[in-house]
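Undergrad: So the sequence lines, in the order shown, correspond to chains A and B.
Heads up: the first sequence begins at 274 in my numbering, then just goes up one per residue.
Heads up: the second sequence begins at -12 in my numbering, then just goes up one per residue.
FYI, nobody ran anything at the bench for these hints, they're computed from the structure.
Check the hints yourself; a few may be wrong.
Each pair of labels, with its calculated beta carbon distance range [what the hints assert, rightly or not]:
hint, chain 1, residue 1, chain 2, residue 2, range
1, B, Lys161, A, Thr503, 27 to 33 angstroms
2, A, Ile417, B, Val243, 56 to 62 angstroms
3, B, Ile53, A, Lys457, 48 to 54 angstroms
4, A, Asn578, B, Asp287, 49 to 55 angstroms
5, B, Met107, A, Gly397, 22 to 28 angstroms
6, A, Ile417, B, Thr152, 41 to 47 angstroms
7, B, Lys158, A, Lys527, 34 to 40 angstroms
8, A, Thr503, B, Asn262, 45 to 51 angstroms
9, A, Ile339, B, Val243, 29 to 35 angstroms
10, B, Tyr257, A, Gly523, 31 to 37 angstroms
11, A, Ile417, B, Phe45, 52 to 58 angstroms
12, A, Thr518, B, Tyr257, 42 to 48 angstroms
13, A, His476, B, Gly211, 44 to 50 angstroms
If we take Cβ atoms under 8 angstroms as the criterion, some of the chain A residues that face chain B in the derived model are [unchecked claim]:
hint, residue
14, Val321
15, Phe425
16, Tyr521
17, Gly562
18, Ser563
19, Phe566
Beta carbons: idealized from backbone N, C-alpha and C, even for Gly.
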Amino acid sequence: MNKENKKVHTPLFTTFKRFDMPKWQGILIRVGAIAISIIISLIIAMIVCQGKPIDIAKFFFEGATIRPWKLFLDAAILLGFGMAILPAFKMRYWNMGANGQVLVGSLVSIIIMFYLKDFGMKSGFNNFLLLVFMFAGSLLASIIWAVIPAIFKTFFGTNETLFTLMMNYIASALVAYVNYVLAKGAKESPGVINMDTQTGWLHSPINEYFIPIVVIILVAVFIHIYMTKTKHGYEAIVLGDSINTARYVGMNTKKIMIRTLILSGAICGIIGFLFTSVINHSINTTTCGSLGFTAVLIAWLSNFNPLIMALVSFALAFLTLGTSKITASYQLGSNNLSSVIIGLIFFSILISEFFIRYKVKINIKRKEKEEPQKVEKVEPQEIETVKEEVK
Amino acid sequence: MFASFLTGAVAMGVVYLFGCIGETLIEKAGNLNLGIPGIMSLGALGGAIGVNLYFAIFGTGDIIGIFLMIIAIIMSGLFAALGGLLYAFLTVTLQANQNVTGLVLTTFGVGFMKFIGSSMDQSLLTRASRSIKTLFTFYEDLGVFGQLFFSYGFLVYLAFILAITLHFVLKKTKVGLFLRSVGESPQTADAQGINVTVYKYSAILIGSAIAGLGGLYYVMDRSGGTTFVEANIEAFGWLSVALVIFSMWKPTIGMVGSIIFGGLTILPNYLGISNVQLKLFAMLPYIFTVIVLIVTSILDAKTSKPPQGLGINYFREER
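Let's have the full structure, built from the sequences with the hints guiding it.
TA: Below is the structure:
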C-alpha cells in the first residue's frame, strides 16, 4: 500500500481509559442510568396499558410495598441465588444452572415429604427427623446437579455454560414428571403437599417469611467471609484470575473447582429446602422463574460485592412486585413487564460501565496526533481500513 | 409413520437450523452471542407484528401469501437485527462482556415478546399461518416422496438455502475468509487491513436477522400461530446454540444436526407413551445436547474447535 498517498485520519471520537473517577461519580452514573431505564420502562408501560402515568406510578408503589414481608422474602431469595453462583463466578465458571440446582433440591425434598408422610406424623420428633431427611436430600441432590457439569469441565473442558443450561431443562422435565406421578396421573400437579397434616412443614416464628430471610442473610454473610477471609475462597479467586498462576503455585485446580461447585450446589440445596418446607410446600416447573439468570446478572454487575448484590436484589424484587401489580391492574395477562424492565436496566448499566471505564473525547479538526499510549479505542465508524503510524 | 416422523423432524429442526446458522455466522466473527433465545423471541414478535401490519394494509380478506411472507420476514428480521445491533454496540463498541450482554438480551427479548405478545390478536396469526404452511400444493400427488421434500412452508426451504449459502460464503469467498480471520485473530486481521469492526457488526446483524427467522418460523409455521405467548422459544434458542457446537461451526453439518435435534424433540410423540411418560421424555433433546457437549470436548478434535478469538472482545490498542 502506498503510504505517502494515505491520508492520516483523525477519528471524530477517541476514548481514553479512565483511572481517576471518584467513587461517588461512578455511583451517580450508575444510578442515573437506572433512573433513565426505569423512566423508559414506565413510558412503555404507559403506552401498552394506556393508563395515566399517575395511576401507573401508584399501582407500582402500591404493588411493591403492600406486603413488605413478601418484598423482603423475594429480595432474599434473589440474593440467595446470587450467593449460590458467586463463588463459581469468581472462578470464571459460568454456572447458569442455579435454577435447575434449586429445582432438583426442592424436588427431592418434596418426594421425601410426600412418601415419608406417615413416618413424620407419628410424633414431633419424627417430624423433625423428616425435616432433617428433607434437608439432607435437597442438599445432596443440588450438589450432584452442580457437580456433574463441574467434573466434566475440569477433566475435559466441557462448555459449562450450555451444560448447566441443559441441566435446567432436564430438572424441569423431572419436576413435571414427578408432579404427574405424585398426582397419580390425574392432574398435572398434586398441589400443596400434606395440606391437611402439615407434616414436613417447617413452622417459622413470626410468619412464614422469617426463617428464609434469616437463613439467606446468614448464607450471604458466610459466603462473604468465605470469599474474603478463607484460604479456600482465596484459591477460587486466584483460579479465576489466572489458572496458570494457580497451577504454578501448586494449587490443585481440579479439586478447587469441584470443591467450590459443591459449595454452590449446597446453597442451592438450602434454597430448595426452604422452598419446599417453608415457602411453597409444592413445586412446579416455574418455581424458580428466571431467578438463576437474574442472579448471574446481579452478581456480575455488582462486581461480586455482597452488599451491592443485596441492594440490587432488593431493588429488583421491588420492581417485580410493582410491575406485577401494574400488569394485574390492567389485565395484561402476563407478568413479563418486569423482565423487560430488568433487561432495560441491565442494558443501561452495561452502557454506563463504558462511561465509567473510558473517557470519550471529541476531536475537532486537529492536525497533530494523540499521544499513542493513551488512546484506548476508537469508534467503529471512524476506523480506517488501514491505519498507518506516520512518523 | 416413519415418513411423517421424518417430515416432523425436519419441520421442527428448522427452528434450530435458523438459530444455528445465525449463531454460526456471529461466532465466526468471534462473538459468542448468548442472546440468541432473546433474538429469536424478538424475531417471533416482529413476525407477528408484520402479520398484523399486513392485515392492516391489505385488509382481512383473501390472503396474498407472498406479500404476507415478505412483510413478516422483513419485520421479523428487522426486530431481531435491532436486538443484534444492541448486542453489537455493547460488545464491539462499548467492550461489554459478551456473556453478560447476551444474557441480558435473552432476558429482555423473551420478556418483551411475552409482554407485547400477550396483548396481541392470536386469531390473525392462526389465519396467516394456515396460508403459508405449504409452499407446494402438489405434494400430495407425489406420495411419500412429496411429503418428505415438498410438504413444507417457504421458510423451511429458505433455512436450507441459507445454510448452504453460508457454507459457500465461509469456504469459497474472500469475504468469508476475512470473516473467519476476524474470528480467529482480530489482531492479524486488522494488521491485514481488514476492518474488524465492520465485519463484526455485519456478521452480528445478519446473523441475528437469520436467527430471528427461527422465531418467526416457529410461531407462524411450526406451531400454527396458536402458542405465541406460551412458546418455549427460550429453550429452542439454547438448543440452537448447542447445535452450533454439535455442527462444529459448519452449516452443512448443522443441517443434518438440526434434523437430529428436531427428531429428538418430537420423538416422544411418536413412541405411543402415556402423558406421564411424555413429561419425562421431554428431556430427550437436552440430554442429547449434554452428551454432544461431553463427547465433543473429550474428542477435542482439531476440526471441531471454535474460532480462536471467540468470546474475547478486541481492544485495538492492546496490540
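Undergrad: Is the interface hint satisfied for A:Phe566? The criterion is a beta-carbon contact with chain B at less than 8 angstroms.
TA: holds, 6 angstroms
Undergrad: Do the numbers back the hint for A:Val321, that is, is its least Cβ distance to chain B under 8 angstroms?
TA: holds, 7 angstroms
Undergrad: Range hint 34 to 40 angstroms: satisfied by the CB atoms of B:Lys158 and A:Lys527?
TA: holds, 39 angstroms
Undergrad: Kindly confirm whether 56 to 62 angstroms is satisfied by the beta carbon distance between A:Ile417 and B:Val243.
TA: Cβ of A:Ile417 to Cβ of B:Val243: about 33 angstroms, so the range 56 to 62 angstroms is violated.
Undergrad: Given the hint of 49 to 55 angstroms, is the C-beta distance from A:Asn578 to B:Asp287 inside that range or not?
TA: Since the Cβ atoms of A:Asn578 and B:Asp287 sit about 37 angstroms apart, the hinted range of 49 to 55 angstroms is violated.
Undergrad: How does the Cβ-Cβ distance of A:Ile417 and B:Phe45 compare with 52 to 58 angstroms: does it lie in that range?
TA: holds, 57 angstroms
Undergrad: Is the interface hint for A:Gly562 satisfied, with its Cβ closer than 8 angstroms to some Cβ of chain B?
TA: violated, 11 angstroms
Undergrad: Is the distance from the Cβ of B:Lys161 to the Cβ of A:Thr503 consistent with 27 to 33 angstroms?
TA: Given a distance of about 55 angstroms, which is not inside 27 to 33 angstroms, the answer is violated.
Undergrad: Using the beta carbons of A:Ile417 and B:Thr152, state whether their distance is inside 41 to 47 angstroms or not.
TA: The hint (41 to 47 angstroms, Cβ to Cβ) holds, given that A:Ile417 and B:Thr152 are roughly 44 angstroms apart.
Undergrad: 45 to 51 angstroms was suggested as the range; check whether the CB atoms of A:Thr503 and B:Asn262 agree with it.
TA: Because 49 angstroms falls inside the window, the suggested range holds.
Undergrad: Within 42 to 48 angstroms: is that where the Cβ-Cβ distance between A:Thr518 and B:Tyr257 falls?
TA: violated, 53 angstroms
Undergrad: Do the numbers back the hint for A:Tyr521, that is, is its least Cβ distance to chain B under 8 angstroms?
TA: violated, 22 angstroms
Violated hints, listed in ascending order, are 1, 2, 4, 5, 9, 10, 12, 16 and 17; each of the other numbered hints is respected by the structure.
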